[in-house]
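The task is simple: from the sequences and hints, build the whole structure.
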Amino acid sequence: MISLAYRSIVLVFSTGLVSAQPAPRFHSDPGDVWKFNQTIFLPYTSQFSSSSTPSVHGSINGHSFTFPVDSGSTGLMIGQSLLPGLKLTSENEGEYERGWEFLDSSSLLYTGRFVPLNVTFFGLVGSQATSHVPVLVVQQVLKCPGYNATTGNGVCAQSVESTASEKHVTYMGVGFGRNVAGSGISFGTPDHNPFLNIIAINKLKATHLRTGYSLSTQGVHLGLTSTNTRNAAWVPLSKGATSDPRDWGELDMSFTVNGVGNYHGKAIIDTGIPQMFLQSAPIATLPIVTIASGPSPLEHTRRVTNGTTLAFAFPNFEDGIAGYDFVVGDENFPSQPEYIQPVTSGSGPFVNTGRKFLFGFTIVFDAIGGRFGFICLKCSS
Numbered sequence: 000m001i002s003l004a005y006r007s008i009v010l011v012f013s014t015g016l017v018s019a020q021p022a023p024r025f026h027s028d029p030g031d032v033w034k035f036n037q038t039i040f041l042p043y044t045s046q047f048s049s050s051s052t053p054s055v056h057g058s059i060n061g062h063s064f065t066f067p068v069d070s071g072s073t074g075l076m077i078g079q080s081l082l083p084g085l086k087l088t089s090e091n092e093g094e095y096e097r098g099w100e101f102l103d104s105s106s107l108l109y110t111g112r113f114v115p116l117n118v119t120f121f122g123l124v125g126s127q128a129t130s131h132v133p134v135l136v137v138q139q140v141l142k143c144p145g146y147n148a149t150t151g152n153g154v155c156a157q158s159v160e161s162t163a164s165e166k167h168v169t170y171m172g173v174g175f176g177r178n179v180a181g182s183g184i185s186f187g188t189p190d191h192n193p194f195l196n197i198i199a200i201n202k203l204k205a206t207h208l209r210t211g212y213s214l215s216t217q218g219v220h221l222g223l224t225s226t227n228t229r230n231a232a233w234v235p236l237s238k239g240a241t242s243d244p245r246d247w248g249e250l251d252m253s254f255t256v257n258g259v260g261n262y263h264g265k266a267i268i269d270t271g272i273p274q275m276f277l278q279s280a281p282i283a284t285l286p287i288v289t290i291a292s293g294p295s296p297l298e299h300t301r302r303v304t305n306g307t308t309l310a311f312a313f314p315n316f317e318d319g320i321a322g323y324d325f326v327v328g329d330e331n332f333p334s335q336p337e338y339i340q341p342v343t344s345g346s347g348p349f350v351n352t353g354r355k356f357l358f359g360f361t362i363v364f365d366a367i368g369g370r371f372g373f374i375c376l377k378c379s380s
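Residue numbers (numbering that gives the first Met the number 0): 0 to 380.
By construction, these hints were calculated from the structure, which means they are not laboratory data.
Remember, predicted model here, so these are calculated numbers, not experimental data.
Since no wrong hints were added, every one of them can be taken at face value.
As a list, the in silico DSS-like pairs of lysine-lysine whose alpha-carbon atoms are at most 30 Å apart:
id: 1; residue 1: Lys238; residue 2: Lys204
id: 2; residue 1: Lys34; residue 2: Lys238
id: 3; residue 1: Lys34; residue 2: Lys202
id: 4; residue 1: Lys142; residue 2: Lys86
id: 5; residue 1: Lys166; residue 2: Lys86
id: 6; residue 1: Lys202; residue 2: Lys86
id: 7; residue 1: Lys142; residue 2: Lys166
Rendered as structure tokens:
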């Protein structure tokens, strides 16, 4: 079966299986990006793949790094020993704000200090961009199962033995809307986002740069222009949790299951993972199957059942700015997630699409205009 069904109101998808909705008034508004001409393209360090988080070349204090580009988190973490010229001691660490990051997937808690640093990103033919952000210089990594991200405040009540070390920590999150109430991610704000704090392009002050970026399967554009946002279908975003004018909430979406329901919630287009997380609870349940996840009969996990038809719309089916639909398990669909994990613990419908979404759309975040753009790759006029 083939379910190659991407939709955009700017570009109608080519197979004709799904028709685009009428275009609402704001869909193709270019805004004032034509006023800005500073931009840089950062190619990925290797070919985009579902098997790994894309990354770009960069440096801090003259030390080279490969920075993962994770659009599902916010902030830059570097192990202290990877920055030998930076000495954090009991005498001086009080000068810097204490910080932490907890990763649910590994139960690892990273703690350290936020140190303001210049971060350089390298583009093509010697081009470069400089960002100035607080970098979480990690001093300790603890395996902390049961850590409560909302109330933990970076303190592990009871850690377990682990081989994790700060010597291997290099991580960069460039996402938005991560500091929602109750998330415990108080540092997930625009001032910690390396892609939103560009101060220079090719050593020239970033005075004509539209703050924002696009992510594709080829790389990253920092700084939005009329050229790199051409054919974008725009979804407006709601204001974020802080007064920072670059702070915007998560993307609105709706989805159906086997043509039934219309579940409204939030979406993350997350380049940090290959799978999809999907929640329809408490409104409805998803068709699921339980499978073994280890050698013990007690080790099992749940997946959304193959053959289930899912349809997504951004921001909703009524406006229909962009969307896609597919049959779970159809290997012919480019954006088929590695697997789909049903979620029931959140407050309402939600989807994290995973990185394979980029096989169908280039995505654009306009931090000044408060909007999210979709440039369809599998559509035709």
